[in-house]
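Residue numbers (mature numbering (1 follows the signal peptide of the UniProt record, and there is no 0)): -20 to -1, 1 to 313.
No wet-lab data here; the hints were simulated from the structure.
Since the model is a prediction, treat every value here as computed from it, not as a measurement.
Hints may contain errors.
[To be verified] Derived CB-CB ranges, DEER-like:
1) Val76 with Lys270: 52 to 60 Å
2) Val76 with Ser221: 41 to 49 Å
3) Leu53 with Ala210: 50 to 58 Å
4) Thr108 with Arg11: 23 to 31 Å
5) Ser283 with Met229: 24 to 32 Å
6) Thr73 with Gly120: 40 to 48 Å
Just so it is clear, CB atoms sit at the ideal spot from N, CA and C, and this is done for glycine as well.
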Amino acid sequence: MLNVPRLISACILLADFVVTNPNKRVKGGKRNRSFDNIYKTGNALRQFTNTNAFSCLALCSDDIDCRSVAYNLNDGRCQEFNRDFTNQPVVGTNQVGWRHFDVSKGAACKDRPPTARDCDDVQSQGYTCSGVYTISLVPGKSVNVLCDLQTAGGRWTIFQHRKDGSVNFDMNWFSYKIGFGDPHTEGWLGNDNLYRLTSSHKTELLILMEAWDGVWKYASYSEFYINPEADKYRLRVSGFSGTAGDSLMHMMSFTSPQGGQQFSTRDSDNDAWPLRCNPTHHRGGFWFNKCGASDLNGIYYSSAVDIPASCNWYTFSKNRQSLKTIFMMVRKV
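Make the full structure from the sequences, and use the hints.
In structure tokens form, the structure reads like this:
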């Protein structure tokens, strides 16, 4: 079984844990005092709450896109930016408590590889910093993906991630086919891409989930793949382990000779329930059965609400409470 604290602490977008050399991390942050007590306006890569200065710097050190951070000593807010503060004009709002650091990447974060098929390939070329990379699943076509190169040995290609509700997941069939969202924030990589990732090698699945009370749990499956669009991206999954419970088991149809449930969206009903799971009970695209014990692509709520249409995993807490953070990722076995 996976070591949960170690696994969760390695999650690339989590702000409360650090897993690599702390001395290296702290030395990477060079304070820019000219921005003290200034809330820097502009587009941040990511924003976190309830952090400490050490973990704020550590997150940036492990992200290939991050060049600087702003941290508030009073309330624990952390912002990541893709540019440093050196030689920038001091523009922003006066707000006590802000400190700004330029973060040296060191030797670990190199320029992105020229070609890679997945995040496993990225790491095999010597890259160790999690972040957004460009991969090519089909010759001549590329896609930007979020790679987790730390959790449980790394090599993970993240195909679904949710953390703030900024992206609508109640999309149509075509949107789920090609993918939507932003790898820096929230998104779905696309069922065609997921099929390509899981069809050429044996693949495992890892799902990381955080509740609104800050509790993290995980579900791991030793084998995971989906069929092509001609079979409606039928799900095949087995070999569960983890702390969140197995809420995908219900998606494996015991009456279908194919074994797994087909993918459904609001405009393509392929579930096993006559009245349609979306929109009757659920939202978003997923492998609904009748209708299911999970809907990780459901509606994102800003608090823990017990609603079937929310993004939920029933066995996490034996109810339909909406989750705060979700990562779904695959890698070769």
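Taking each numbered hint in turn, which are not upheld by the structure, reported in ascending numerical order? none
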